[in-house]
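Q: Assemble the whole structure, with the sequences as input and the hints as a guide.
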Amino acid sequence: MAVADSHDTAHDDHHDHGEFIAHHFDSAEQQFDSGKLGIWIFLVTEVLFFSGLFVAYTLWRNHHPEVFEQAHVFLNKYLGGMNTIVLLFSSLTMALAVRSAQLGKNKQCSLYLLITMVCASMFLGVKAVEYSHKWDMGIFVRSAFDFHAGHHAAEPGTLAASLGVSPYLIKLSFIPAILLVGCIVASVIGKMTEKPLLSKFLVGMAVTVGGYFLGVVVGQVFVAATEGGSHASVVSPTEPLMLHAMTSEDGDHQAGDGEEHDHAEGEKHDHADGEIHETHHNEHHDDAHAMDHGPDPSKFDRDIGTFFSIYYCMTGLHAIHIIGGIIALAWLYWRSLAAHWRPDYFGPVDFVGLYWHLVDLIWIYLFPLLYLIE
Amino acid sequence: MSSEAIRNTFGTPETHFLNHEKGWKSWAFTLDHKRIGIMYLIGVNVALIMAGIFALVLRSHLWSFDGTGPVKLSNEMYNQMFTLHGAVMVFSFIIPSVPAALGNIVLPMMLGAKDVAFPRMNLASFYLWIAGTGCLLAAILSGNGLDTGWTFYTPYSIETETGVIYATFGAFILGFSSIFTGLNFLVTVNTMRAKGQTWFKLPLFLWSLYATSIIQVLATPVLGITLLMLIAEKTMHIGIFDPKYGGDPVLFQHFFWFYSHPAVYIMILPAMGVISELISVYSQKKIFGYSFIAFSSIAIALLGFLVWGHHMFTSGQSQVVTLIFSAITFTVAIPSAVKVFNWLATLYKGSILLSTPMCYALSFIFLFGIGGLTGLFLGALSTDIHLHDTYFVVAHFHFVMVGGTLTALLGGVFHWWPKIFGRMYNDTLGRISCFLVFTGFNLTFFPQFVMGARGMPRRYATYDPEFQIFHQYSTIGAFVLGFGIVMAYSVLLYAAFKGPRCGSNPFRAASLEWQSSSPPDFHNFTHKVVMTDPYDFDTQVYDEELDTYVHRELAQPTKPVEADPQPATH
Chain X
1 MAVADSHDTA
11 HDDHHDHGEF
21 IAHHFDSAEQ
31 QFDSGKLGIW
41 IFLVTEVLFF
51 SGLFVAYTLW
61 RNHHPEVFEQ
71 AHVFLNKYLG
81 GMNTIVLLFS
91 SLTMALAVRS
101 AQLGKNKQCS
111 LYLLITMVCA
121 SMFLGVKAVE
131 YSHKWDMGIF
141 VRSAFDFHAG
151 HHAAEPGTLA
161 ASLGVSPYLI
171 KLSFIPAILL
181 VGCIVASVIG
191 KMTEKPLLSK
201 FLVGMAVTVG
211 GYFLGVVVGQ
221 VFVAATEGGS
231 HASVVSPTEP
241 LMLHAMTSED
251 GDHQAGDGEE
261 HDHAEGEKHD
271 HADGEIHETH
281 HNEHHDDAHA
291 MDHGPDPSKF
301 DRDIGTFFSI
311 YYCMTGLHAI
321 HIIGGIIALA
331 WLYWRSLAAH
341 WRPDYFGPVD
351 FVGLYWHLVD
361 LIWIYLFPLL
371 YLIE
Chain Z
1 MSSEAIRNTF
11 GTPETHFLNH
21 EKGWKSWAFT
31 LDHKRIGIMY
41 LIGVNVALIM
51 AGIFALVLRS
61 HLWSFDGTGP
71 VKLSNEMYNQ
81 MFTLHGAVMV
91 FSFIIPSVPA
101 ALGNIVLPMM
111 LGAKDVAFPR
121 MNLASFYLWI
131 AGTGCLLAAI
141 LSGNGLDTGW
151 TFYTPYSIET
161 ETGVIYATFG
171 AFILGFSSIF
181 TGLNFLVTVN
191 TMRAKGQTWF
201 KLPLFLWSLY
211 ATSIIQVLAT
221 PVLGITLLML
231 IAEKTMHIGI
241 FDPKYGGDPV
251 LFQHFFWFYS
261 HPAVYIMILP
271 AMGVISELIS
281 VYSQKKIFGY
291 SFIAFSSIAI
301 ALLGFLVWGH
311 HMFTSGQSQV
321 VTLIFSAITF
331 TVAIPSAVKV
341 FNWLATLYKG
351 SILLSTPMCY
361 ALSFIFLFGI
371 GGLTGLFLGA
381 LSTDIHLHDT
391 YFVVAHFHFV
401 MVGGTLTALL
411 GGVFHWWPKI
421 FGRMYNDTLG
431 RISCFLVFTG
441 FNLTFFPQFV
451 MGARGMPRRY
461 ATYDPEFQIF
471 HQYSTIGAFV
481 LGFGIVMAYS
491 VLLYAAFKGP
501 RCGSNPFRAA
511 SLEWQSSSPP
521 DFHNFTHKVV
531 MTDPYDFDTQ
541 VYDEELDTYV
551 HRELAQPTKP
561 VEADPQPATH
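Each protein sequence line maps, in turn, to chains X and Z. Just so we're aligned, residue 1 is where the first sequence starts under this note's numbering, counting upward by one. Just so we're aligned, residue 1 is where the second sequence starts under this note's numbering, counting upward by one.
Everything labelled a hint here was simulated from the structure, so no lab data went into it. Hints may contain errors.
[As the list claims (entries may be wrong)] Distance condition first, Cα-Cα at most 20 Å in a straight line; then the derived DMTMM-like pairs of lysine to aspartate or glutamate: (1) Z:K195 x Z:D536; (2) Z:K72 x Z:D464; (3) Z:K195 x X:D33; (4) Z:K528 x X:D26; (5) Z:K285 x Z:D533; (6) Z:K234 x X:D146; (7) Z:K244 x Z:E159; (8) X:K36 x X:D26; (9) X:K77 x X:E374; (10) Z:K195 x X:D26; (11) Z:K195 x Z:E553; (12) Z:K498 x Z:E14; (13) Z:K195 x X:E374; (14) Z:K244 x X:D146; (15) X:K36 x X:E46.
A: Written out as structure tokens, the structure is:
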């Protein structure tokens with residue numbers, strides 16, 4: 001194998017046998033082995049990066065199992081399940097993309113990569129529906145947790161109202177919408193200025209971003225079908241009393257913060273808190289007129305806020321990894337269109353593929369841990 | 001090989017990595033590990049100077065017990081000063097010092113390779129270092145400073161109005177810089193060793209860098225997520241660490257020390273590797289117990305993950321846990337002692353040359369010995385309860401971090417400086433700098449052991465009058481130490497520009513980097529390296545004409561030395 005004598009000139013001649021071998025490697029094999037080991041080590045760091053959140057999850061679930069049991073019903077397992085299927089399918093197409101790159105079938109590879117990206121994008125679309133749906137109900141992180149059943153009605157006359165969706169969803173979709181328009185416009189310009197490769201790439205990107213909106217639509221349909229437009233139906237019948245407590249007026253949540261000092265004493269008190277919650281629960285059980293007493297800022301609902309803190313941290317970090325994955329996949333897509341892969345050079349597809357499977361795998365753990373608690 | 005070719009390789013070459021390209025762009029966008037290493041060396045020393053100035057301000061403030069000394073800081077300023085001193089020293093200086101600066105320059109050459117496996121990632125690591133250090137210092141510019149101590153303990157770090165977010169974000173970025181370096185080194189050592197270089201022909205510096213890289217890769221991500229959670233806690237109050245929202249502040253300590261205890265070994269292991277090289281070369285004796293030193297590095301790296309709880313003996317963790325952490329802490333002493341005894345055994349009957357690097361290496365053994373042994377007092381439960389959060393702790397970790405790592409860094413820089421710049425330093429002045437560093441250091445920190453044992457708590461702006469004399473010794477020592485470090489770098493800087501030329505291997509070292517010219521070629525080697533035992537100094541023969549040592553197969557080739565099939569063309 002010829003060794004390209006300088007890195008800068010390595011990309012000029014596309015038909016040179018050693019075009020993508022960096023100057024400091026002796027052979028394609030050495031370069032591939034280095035990359036492979038590198039990506040595996042990187043994946044180890046990724047697992048450890050998530051580990052902090054998994055530990056936080058484990059501790060909280062250990063200390064407050066009842067909170068997890070009560071809180072997970074707010075998550076729509078049908079949406080989560082569909083996202084799981086979408087991601088699994090994207091892993092399949094990713095594996096197929098690696099296979100096509102190994103065989104040097106660049107065209108096939110680019111198609112599989114495109115499907116993978118669309119799935120990734122769709123995942124984010126569904127996630128956006130989930131998030132906005134939660135925010136509508138005041139389900140935020142611990143300190144801002146402010147649950148109220150039913151949706152905030154979108155203000156009449158706004159885009160959200162006319163589409164019948166959450167205003168949060170409109171805000172979340174703002175950047176994808178800009179990206180979509182940008183990609184389409186840029187691809188038309190590319191076509192006119194006779195840059196076929198760029199134009200083709202941007203069309204692919206537009207399709208990818210389109211996947212997000214597909215996810216949004218599918219997510220909305222799922223929400224409508226499984227929740228009937230209101231939240232109550234997904235909450236299992238054993239929970240109405242808890243909801244009762246939480247539908248009380250919002251004003252006192254802030255006031256209640258001051259009462260939290262007992263938490264400061266550490267672990268021992270946390271267990272005690274658990275008992276207090278039980279008591280609160282029972283009180284509401286007995287007292288059908290809780291509403292009449294005015295708001296009861298039970299710590300119970302704010303503990304549910306901690307569940308959602310963990311939920312947002314974990315799924316948010318995962319979503320950031322999905323976005324990173326899409327960027328990496330886009331780079332591969334570009335290189336597929338430029339027909340860079342050959343049986344002796346397909347490392348980048350392989351490496352990004354491994355990363356993508358890890359991101360998928362993390363979701364495989366997140367889904368049951370967050371959605372399917374029993 | 002013709003004599004001309006030998007002259008070109010082992011004399012001073014016309015073109016080398018320092019002059020083959022010119023202009024700031026050739027440095028800012030370089031992918032060459034040697035240039036990145038030099039930029040790192042400059043960077044970490046700028047951090048050292050900054051953090052050192054913070055330290056001198058602190059020490060000046062502590063001159064008198066009631067804060068009426070020559071430098072008067074308000075209590076808030078005092079808190080900010082020691083926090084910045086600690087944070088900059090730990091995250092911006094010590095962690096990248098030996099691996100990212102010296103390691104970057106030396107590691108690929110010790111492997112006979114042209115570069116590290118991922119040169120672009122290497123450059124990215126340096127720019128992340130700049131960005132991270134910038135964020136850390138942005139805490140000062142944010143107007144409020146930073147007053148949490150470098151440990152960012154919750155719940156105080158959540159409540160304080162100071163620039164915790166800037167600083168933690170900076171540390172987060174610096175963590176990625178560290179991961180990039182570690183990942184690069186692991187892969188490079190695994191896949192890019194020269195032909196015939198088995199694991200047990202690696203210089204021990206590489207074993208220690210390998211062990212360090214394992215820690216960097218496994219521990220740093222945990223710090224990353226911890227700091228992100230802290231930022232989320234501070235901005236959104238997610239209730240994981242904040243007791244006000246039902247969180248557990250001690251959980252933060254667990255997460256933090258899960259990284260930061262192994263990070264202690266990120267700081268000391270590469271230094272130990274440098275010392276293994278220096279002791280052997282300057283005794284001209286094969287290193288004693290090669291495999292024991294090699295595996296003790298790995299053992300320290302792995303054990304380092306199991307002892308984080310010894311930072312938390314007084315945090316209220318359970319007695320059983322405390323006991324276990326204490327017991328495991330003692331086991332770390334075993335591999336550390338293995339190293340020290342092997343170094344001593346190497347010195348025994350060696351032909352010891354007390355040149356500057358060796359003086360630093362011997363200082364290291366002495367200071368690290370004290371630093372390590374006082375660690376046992378802190379690892380023991382009963383004494384720790386008394387010594388916790390006193391100056392005894394401060395003195396202990398400064399003996400390890402400064403007496404250990406800084407001393408080894410200086411020794412290593414002196415050792416490899418002629419390789420990097422092809423010029424020799426003034427050995428007498430170098431030795432004087434070592435004497436000043438050693439004396440100043442002991443004067444600074446030895447009194448702190450006494451103070452700590454007598455109950456002087458750390459991080460206090462004022463103190464009881466009975467401690468004043470110790471603090472004054474300490475302050476004088478700090479200035480001597482600072483002067484010694486400045487002198488060491490002055491000697492080196494003068495040598496880099498004006499020093500006499502030296503050949504490729506003035507110290508008769510045998511590891512592969514000495515087979516390249518001084519300064520090395522852009523591709524490191526212009527000939528095929530001759531694989532050799534890194535500690536077999538008999539292979540190096542003196543060449544009178546060149547006034548340097550050359551591997552005997554290269555000096556008097558029994559067979560023609562293969563030329564590089566594609567010589568570097570620039």
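Q: For each hint, tell me whether it holds in the structure or not.
A: Quick rundown of the hints versus the structure:
1. Between K195 (chain Z) and D536 (chain Z) the alpha-carbon distance is near 18 Å, which keeps this suggested pair within the 20 Å criterion.
2. Restraint check for K72 (chain Z) and D464 (chain Z): satisfied, since their Cα atoms lie roughly 17 Å apart, inside the 20 Å limit.
3. With a C-alpha separation of about 16 Å, the suggested pairing of K195 (chain Z) with D33 (chain X) holds against the 20 Å cut-off.
4. Taken as a hint, the K528 (chain Z) and D26 (chain X) pair is honoured in the structure, with Cα atoms around 13 Å apart against an allowance of 20 Å.
5. For the proposed pair K285 (chain Z) and D533 (chain Z), the alpha carbon gap of about 12 Å is at most 20 Å, so the pair holds.
6. Proximity of K234 (chain Z) to D146 (chain X) is assessed by CA-CA distance (about 19 Å); at most 20 Å being required, the pair is judged to hold.
7. With a C-alpha separation of about 10 Å, the suggested pair K244 (chain Z) and E159 (chain Z) falls inside the 20 Å cut-off, and the hint holds.
8. Distance restraint check for K36 (chain X) and D26 (chain X): the Cα-Cα separation of roughly 16 Å lies within the 20 Å cut-off, and the hinted pair is therefore satisfied.
9. A C-alpha spacing of about 12 Å is found between K77 (chain X) and E374 (chain X), which places the hinted pair at or below 20 Å, so the restraint holds.
10. Of the supplied pair hints, the one linking K195 (chain Z) and D26 (chain X) holds, its CA atoms being roughly 11 Å apart against a limit of 20 Å.
11. Taken as a hint, the K195 (chain Z) and E553 (chain Z) pair is honoured in the structure, with Cα atoms around 16 Å apart against an allowance of 20 Å.
12. The hinted pair formed by K498 (chain Z) and E14 (chain Z) meets the criterion: a straight-line CA distance of about 17 Å does not exceed 20 Å.
13. For a cut-off of 20 Å, the pair hint linking K195 (chain Z) to E374 (chain X) is broken: about 57 Å separates their Cα positions.
14. The suggested pairing of K244 (chain Z) with D146 (chain X) holds, with an alpha-carbon distance near 17 Å, which does not exceed 20 Å.
15. For the hint linking K36 (chain X) to E46 (chain X), the alpha-carbon distance of about 15 Å falls within 20 Å, and the restraint holds.
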